[in-house]
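Given chain G, work out where chain P should sit, using these hints.
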Amino acid sequence: MHADVVVVGGGVIGNAAAFYCARAGMSVILVEQQDILNGTSSACDTAIHLQSKSPGVHLAMALNSIKKYPVLQKEFDIDIHFKITGTMLAIQREEQLEVMKSFAARQQAAGLNVSLLDTVQTIAKQPAMKGAELVGSTYCDQDATIHPQNLTKAYYFGAMKYGAKYLLHTVIRSFRIEDNCLTGVDTDQGMISCRWVVNAGGVFAPFIGKMMGLDIPIVPRRGQILVTEPVPKLTNTIVNCAKYIAAKFRPDLLGNSVEDQLGIGLSLTQTERGNLLLGGTREFVGYNTKTTRQAMVLIARHGTAIIPALKQINIIRSFAGLRPYTPDSLPIISTVPELKGLVVAAGHEGDGLALSAVTGEMVSEIIAGQPVSSGIDLSQLSLARFSREDIDRFYRKYAVA
Amino acid sequence: MKAEDLQEEIIICRCQEVTKAEVQQAIGQGCRSLKGIKNRTEAMMGLCQGRTCRRLIERMLAPYQQQAPVTPSYRPPVRTLSLHTLAEAKEDGEDAC
Numbered sequence: 001m002h003a004d005v006v007v008v009g010g011g012v013i014g015n016a017a018a019f020y021c022a023r024a025g026m027s028v029i030l031v032e033q034q035d036i037l038n039g040t041s042s043a044c045d046t047a048i049h050l051q052s053k054s055p056g057v058h059l060a061m062a063l064n065s066i067k068k069y070p071v072l073q074k075e076f077d078i079d080i081h082f083k084i085t086g087t088m089l090a091i092q093r094e095e096q097l098e099v100m101k102s103f104a105a106r107q108q109a110a111g112l113n114v115s116l117l118d119t120v121q122t123i124a125k126q127p128a129m130k131g132a133e134l135v136g137s138t139y140c141d142q143d144a145t146i147h148p149q150n151l152t153k154a155y156y157f158g159a160m161k162y163g164a165k166y167l168l169h170t171v172i173r174s175f176r177i178e179d180n181c182l183t184g185v186d187t188d189q190g191m192i193s194c195r196w197v198v199n200a201g202g203v204f205a206p207f208i209g210k211m212m213g214l215d216i217p218i219v220p221r222r223g224q225i226l227v228t229e230p231v232p233k234l235t236n237t238i239v240n241c242a243k244y245i246a247a248k249f250r251p252d253l254l255g256n257s258v259e260d261q262l263g264i265g266l267s268l269t270q271t272e273r274g275n276l277l278l279g280g281t282r283e284f285v286g287y288n289t290k291t292t293r294q295a296m297v298l299i300a301r302h303g304t305a306i307i308p309a310l311k312q313i314n315i316i317r318s319f320a321g322l323r324p325y326t327p328d329s330l331p332i333i334s335t336v337p338e339l340k341g342l343v344v345a346a347g348h349e350g351d352g353l354a355l356s357a358v359t360g361e362m363v364s365e366i367i368a369g370q371p372v373s374s375g376i377d378l379s380q381l382s383l384a385r386f387s388r389e390d391i392d393r394f395y396r397k398y399a400v401a
Numbered sequence: 001m002k003a004e005d006l007q008e009e010i011i012i013c014r015c016q017e018v019t020k021a022e023v024q025q026a027i028g029q030g031c032r033s034l035k036g037i038k039n040r041t042e043a044m045m046g047l048c049q050g051r052t053c054r055r056l057i058e059r060m061l062a063p064y065q066q067q068a069p070v071t072p073s074y075r076p077p078v079r080t081l082s083l084h085t086l087a088e089a090k091e092d093g094e095d096a097c
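Chains as they are written, first to last, in the working numbering: chain G, 1 to 401; chain P, 1 to 97.
Chain G with its partners taken away, still in its complex shape (with noise of 0.2 angstroms):
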């Protein structure tokens, strides 16, 4: 077998990527361990948040992003259920009220639409948190919805209509390495020889780059989410809490409190079918995908003090997913000097969704030799950022016995 592209995982990410590629005019090979879709892509909620994005290189690749999906949308043969909806990050406590506003008076200057709401303009704009012990909001009106099995689903149908083939429930032996020069990738169903190789494993990036003697500084963090029953319509935007936006971005600043340490941030969102996605936490706990008691009340508890109207809402199933995780919250979208013929795009944490339409774009202009039209700054995105002694000190740190 021969392809230019080799792209190894079949998430969100590797799935765009095979489908920019395979639009770009270059002979693709997906290659997955599973099927697509078998991990953190399909264990996730529907937002695509630009308000939990920090100013700078992310915000402006979620931007970038989310224009992208309703052109997709008119060339994808599946409905991705793309939908403008906001979100309103609901604030607790006087104390947020300050980080609050710093962060939304950086996010403006960013470009977003972010404005302070106190509690009455809160609960008129979302009558569900009626009753809830609250200071104030944020609130965005560019944030959107989206379908994660149907957008993955909808690049995979597209890549294969450009030719793109799937070799799925295949495992990897080896890759061929030679000068220096990735030319191929050994699989159990055969050799694949290619130009390029696309590491978008996901929380299981680390693994592949071992067997290419580079580590890749990700690690899963582990969210839980309750699904609900459906019910009509309950809330008009996302809805998070400040405490969400300090769990994804500062646990360092996060107390010792059980909430705290699980990570605990409040994240809502309703399906087209009207199930509500309710989470979540943020913890690392190795490849642990369990749900746990203790989480899934904690996040009852903190969900419905917010969101009073959802005391009544049953829950009918739980499930957890792990987040790629990098040292500095940013994804790996890099080529290696070392190694010609690798591009690594992973460690996207929770903004596959967000970022995937402009990750499979630069992964294909990477390759073809082009400058990235995004104009993403690439540099901040690269392996290289990390040295030798902070990849170290993450694994030591995130290290699950």
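It is worth saying that the hints were derived from the structure and are not from the lab. Any given hint could turn out to be false.
In silico DSS-like links for lysine-lysine, alpha-carbon gap of 27 angstroms or less [as the list claims (entries may be wrong)]:
hint, chain 1, residue 1, chain 2, residue 2
1, G, Lys-130, G, Lys-233
2, P, Lys-35, G, Lys-165
3, G, Lys-311, P, Lys-90
4, P, Lys-35, G, Lys-161
Frame of chain G; chain P shown alone:
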């Protein structure tokens, strides 16, 4: 009656209204696991969480699985549970959930 004898358009997953033909189409696309069927068809993801259709779909997949399939885990809750009851439950107790 065996699952494979049922007509193509028969509903396999009642909650999500997924037909036998849709499950077969997913298998035809290379899907070999229950999780894959869920992601591709949304079967087993409704109110009853696969109580009936999971066994039927396992039987449809069986001829295509070369090794013993990895059985997905069951996750809580066992039956629907209000968020109020869950929020009031002890974090480490044996009550309610």
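Hints and how they fare:
1. At most 27 angstroms may separate the alpha-carbon atoms for a hinted pair to count; G:Lys-130 and G:Lys-233 meet this at roughly 16 angstroms.
2. For the hint pairing P:Lys-35 with G:Lys-165, the CA-to-CA distance comes to about 21 angstroms; that is within 27 angstroms, so the pair holds.
3. A threshold of 27 angstroms between alpha carbons decides the hint, and for G:Lys-311 with P:Lys-90 the separation of about 16 angstroms falls inside it, so the pair holds.
4. Simply put, P:Lys-35 and G:Lys-161 have alpha-carbon atoms about 24 angstroms apart, close enough for the 27 angstroms limit, and the pair holds.
The structure fails none of the hints (numbered hints given earlier).
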